[in-house]
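**Q** Chain by chain, the residues:
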Amino acid sequence: MTVDLTQFHDAFFEESFEALDAMEAALLKLDIGAPDPELINTIFRVAHSIKGGSATFGFTDIASFTHSLETLLDELRSGAMAVTDQVSDVLLKSVDVMRAMLRAVQAKQPIDAQRVSDLQFDLEVIIARKHAAPPPSAAPQAAAPQAAAARWQVRFRPYRELLARGNDPLRMLRELGELGEMQVRIDAQSLPALTDLQPQDCHLAWTIELSGEVPEEAIRQVFDWAEGDCELQIGRTAEAAAEPQVEQPPAPATPAATEPAPSETVAAQADSQAEGPPEAPAATGAAASAPRAEPASKPEAAVSAHGDSGSIRVSVDKIDELMNTVGELVITQAMLSQLGGQFDGPQAEQLRAGLAQLERNMRELQESVMRVRMLPISFVFSRFPRMVRDLAHRLGKQIELKLTGEQTELDKTVLEKIGDPLVHLVRNCIDHGIEPPEKRVAAGKPAAGTVHLDATHRGGNIAVEVSDDGGGLDKERILAKARARGLIGANDTLSDAEIYELIFLPGFSTAEKTTDVSGRGVGMDVVRRNVKSLGGKIEVSSEAGRGSRFTITLPLTLAIVDGQSVAVGSETYIVPLISIVESMQLKNGNVSRLSGQAEVFSFRGDYLPIIRLHEVFGVEPHTRALHEGLVVVAEGDGRRVGLFVDDLLGQQQVVIKSLETNYGHIEGISGATILGDGSVALILDVPGLIRVASMRIAA
Amino acid sequence: MVLQPECTLADAAELKGALCALLAHEATVTLDGALVDRIDTAALQLLAAFVRDRRLAGRAVEWRAVSRAMHSAAQLLGMGSMLSLSEAAQ
Amino acid sequence: MSANATVEQQHGGESRQVLTFVLGNETYGVDILRVQEIRGWSAVTKIPHAPPHVLGVLNLRGSIVPIVDLRMRFALERAEYTAITVIIVMSVVTSAGRRDFGVVVDGVSDVVDVNSAEVKPAPELGARGSTDYLLGLVSIAERMVVLLDIDRLIGRELTAIAGSEDGEPMAADAA
Chain F
-18 MTVDLTQFHD AFFEESFEAL DAMEAALLKL DIGAPDPELI NTIFRVAHSI KGGSATFGFT
42 DIASFTHSLE TLLDELRSGA MAVTDQVSDV LLKSVDVMRA MLRAVQAKQP IDAQRVSDLQ
102 FDLEVIIARK HAAPPPSAAP QAAAPQAAAA RWQVRFRPYR ELLARGNDPL RMLRELGELG
162 EMQVRIDAQS LPALTDLQPQ DCHLAWTIEL SGEVPEEAIR QVFDWAEGDC ELQIGRTAEA
222 AAEPQVEQPP APATPAATEP APSETVAAQA DSQAEGPPEA PAATGAAASA PRAEPASKPE
282 AAVSAHGDSG SIRVSVDKID ELMNTVGELV ITQAMLSQLG GQFDGPQAEQ LRAGLAQLER
342 NMRELQESVM RVRMLPISFV FSRFPRMVRD LAHRLGKQIE LKLTGEQTEL DKTVLEKIGD
402 PLVHLVRNCI DHGIEPPEKR VAAGKPAAGT VHLDATHRGG NIAVEVSDDG GGLDKERILA
462 KARARGLIGA NDTLSDAEIY ELIFLPGFST AEKTTDVSGR GVGMDVVRRN VKSLGGKIEV
522 SSEAGRGSRF TITLPLTLAI VDGQSVAVGS ETYIVPLISI VESMQLKNGN VSRLSGQAEV
582 FSFRGDYLPI IRLHEVFGVE PHTRALHEGL VVVAEGDGRR VGLFVDDLLG QQQVVIKSLE
642 TNYGHIEGIS GATILGDGSV ALILDVPGLI RVASMRIAA
Chain H
10 MVLQPECTLA DAAELKGALC ALLAHEATVT LDGALVDRID TAALQLLAAF VRDRRLAGRA
70 VEWRAVSRAM HSAAQLLGMG SMLSLSEAAQ
Chain S
63 MSANATVEQQ HGGESRQVLT FVLGNETYGV DILRVQEIRG WSAVTKIPHA PPHVLGVLNL
123 RGSIVPIVDL RMRFALERAE YTAITVIIVM SVVTSAGRRD FGVVVDGVSD VVDVNSAEVK
183 PAPELGARGS TDYLLGLVSI AERMVVLLDI DRLIGRELTA IAGSEDGEPM AADAA
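Protein chains in written order, with this note's numbering: chain F, -18 to 680; chain H, 10 to 99; chain S, 63 to 237.
Treat the hints as calculated values from the structure; they're not laboratory data. Using N, Cα and C, we set each Cβ at its ideal position, and we do this for glycine too. Hints are supplied without guarantee of correctness; some may be wrong.
If you want the footprint, here are the derived chain H segments under chain F, 3+ residues with CB under 8 Å [to be verified]:
(1) 10 to 16
(2) 40 to 46
(3) 66 to 79
(4) 85 to 92
Stretch by stretch, here's where chain H covers chain F in the computed footprint (C-beta under 8 Å, at least three residues) [as the list claims (entries may be wrong)]:
(5) 145 to 153
(6) 161 to 170
(7) 516 to 524
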């Protein structure tokens, strides 16, 4: 084969990831006991095409694994074996493993061979058992973990961001070490040269052998904080099978089981059979043959899939470049418009008409480019059916997941960052919100609880709601906890909304005992921080016995923001409209001083503190008299304040520029933008500002 | 080079800078971890990369002393031999 | 680096171009390769909680760039910013990547060739603090030029601002 196949790699990876998504979806729909043959066929085709593709490209590890998988699927397809819970679980795990392998190969990283061979072993045991004991119904029990003379093997591979998110593997391993006798093996293979090493990135991975009577939950709890920031695998290995790659797998009843794990021979065979027939290996007998390559069929499939949707794949870098250029154009256009307004004379009118046209075109161009980056939120929602299924399973609850508004689009960057907060919320609903079936039935509710995810556009924002029909937030318990922790005074009376706000405080947890699902209060404060870092907000409402509802409001894109320009002395600041409640002029009468210090004013029956921007930012204002300037009532973290400014200037969409590229983070400032005259204006981060100001008052 | 009592992510950029400056040092670099009070994975990762890179370049690194805190952290992470801490006095 | 260059460095010294500028009575020099552009003074946007010598930020063809007053950094007497005040835009390499910034100077003098063999080490200034941002002194046309290591002078500071401000700097004494 002289054709350079690497040109097809990208297409292969993309296709395979999509195919795996389809496989996962089909697996989730699969009825235990009475599987739809069409679904099994779909699943089989995915495994088959990935096997073919990987053999063609010489990804022998993947080819070898998918071969075992295909053998099992073939048994299911022919009806020789029944679909049990256990089989379905192993198949779902296979999806994960294939994804991980493809990702590793794509990133030219080593494959986690241990994880692959563990699962491949499981697959082969199932196949082998079928041959050993024909009645399929007898199968499920045998693969259950062997007796107590076992130890745990924990494979912990943090994602790079783990450290930056405040998680330290050291702490986790220390906790783990307290559970039992532990042996730690570090994998520093992907540790780059010191000069290329970003100190905040984690490039290490660990394999931990833990012996002793330790429940799996206890191990999982150790890694709770890192959930979503690492790959974690916990397996029980019998002493004898601790090194499966060395040991012969027991009971190799079929030739498939004796096939060596990842090896060169597979590649060689694949090559020599490159011209082989492209059809699927027929039934069980063919299982022993090496994976067959299909050099022709894969690229064709890639082309046809692309053709179907009439779309092309474009790298995100190119789009970002386009966005930047358009951003520059918008600034130049604003500069021209401002200049144009100053001209007089016969042609001035024409100039202005032209500029107005330019402005319209610019806005359209900007919106079109922005739309290119937009993706439907279904990309995030699609992970939930699987997650909910697994969680409900583990917690012994019945959960129905409802997804609506999946086609709502938002910016890719926002999309990527909203996943984790949503996972936390959904997990929270299932763990704390939905009651166990008995309790639900006793309360006159259906045994199965409902978790509902919904997305809608609201103005320039997207609102994502996570609601459940569980017990609702327990106000009394939240209050009791807040009092016990001294977060509020013993006699403070709080409104419902204020009580619910308490759950967003760092370290707050209302679960009576920590569970291995939502852990020790990790979550809500992290969720809020993440949402805030995207320029959004999160609100909660709840009704006892009826359930709770979390609403996340986010800007559609991180590239622009709708802002109100305000003047303080000679400086201009931008206040994001999403934070503004209203703007007003203060009369002398409605301002008072608390204990001669903090200034407050009355607003809709509440007293709000006044933050003098000129003081916080150290600039010389036009006026210090409150009644001569204006107050912008702004909201952040559920708190309202009045921002005292000299004047309001106007509302406009501004392009957000990072201050961190060349300088650094400034408390109370989220970024900067370039105004029509070419000067720079800072964009306020209202929640951050409130924090800064309250520290000043406290100091 | 004497490691500071606090060796954590917060100062990792500084630590990296200091270590990078010593990478090409011809003579044996002696690290002193006796003062280390708190150390995290980020800092240990940098030290591991430093020790490995020096060694790959055929240059020596040795430890004058290592505090108990640092020693136990390195052991927990399975880094003892990577850092060749074993021969260092505690 | 090629074998030739190494030999040259050992015998005759390496030659490189340096941009010199004036600050009060002194002439300073920076590696020309670090200079992005030279522009006139324009009003900056103040940034809160910045060190006093960081005057603010400017729009430099679409990116936001901090402006540093070197007079204030070196604790020299302050000068008025006028139409002839000059900003030299440079880039530094920090552990967090490349960063651009501008420095305000009294005026730009010249681009000169400096042979590394002619560079004298900067004298130790004793207790007056770190002078490790001085690469050395060189005499050009009867004038002493102070060569600056801009990465150390500015880069370290920018990294500190970008990271956590409370971090204790790590000791860097070589063993």
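**Q** Would you mind marking each hint as holding or not holding in the structure?
**A** Structure-based check of all given hints:
Coverage of the region 10 to 16 of chain H by chain F is violated in this model, with 0 residues showing a Cβ closer than 8 Å to a Cβ of that chain against a need of three. Evaluation of the coverage hint for the region 40 to 46 of chain H: breached, as 0 residues show C-beta separations to chain F shorter than 8 Å, against a requirement of three. Coverage of the region 66 to 79 of chain H by chain F is violated in this model, with 0 residues showing a Cβ closer than 8 Å to a Cβ of that chain against a need of three. With 5 residues bearing a CB less than 8 Å from a CB of chain F, the region 85 to 92 of chain H meets the requirement of three and the coverage assertion stands.
Taking a C-beta to C-beta cut-off of 8 Å, the region 145 to 153 of chain F contributes 4 residues in contact with chain H, enough for the three needed, and the coverage statement holds. Figure legend: the region 161 to 170 of chain F, annotated as covered by chain H; annotation consistent (4 residues with Cβ-Cβ distances under 8 Å, at least 3 required). With a threshold of 8 Å between beta carbons, the proposed coverage of the region 516 to 524 of chain F by chain H is violated, since 0 of its residues qualify and at least three are required.
Checked against the numbered hints listed earlier, the structure breaks hints 1, 2, 3 and 7; every other hint is satisfied.
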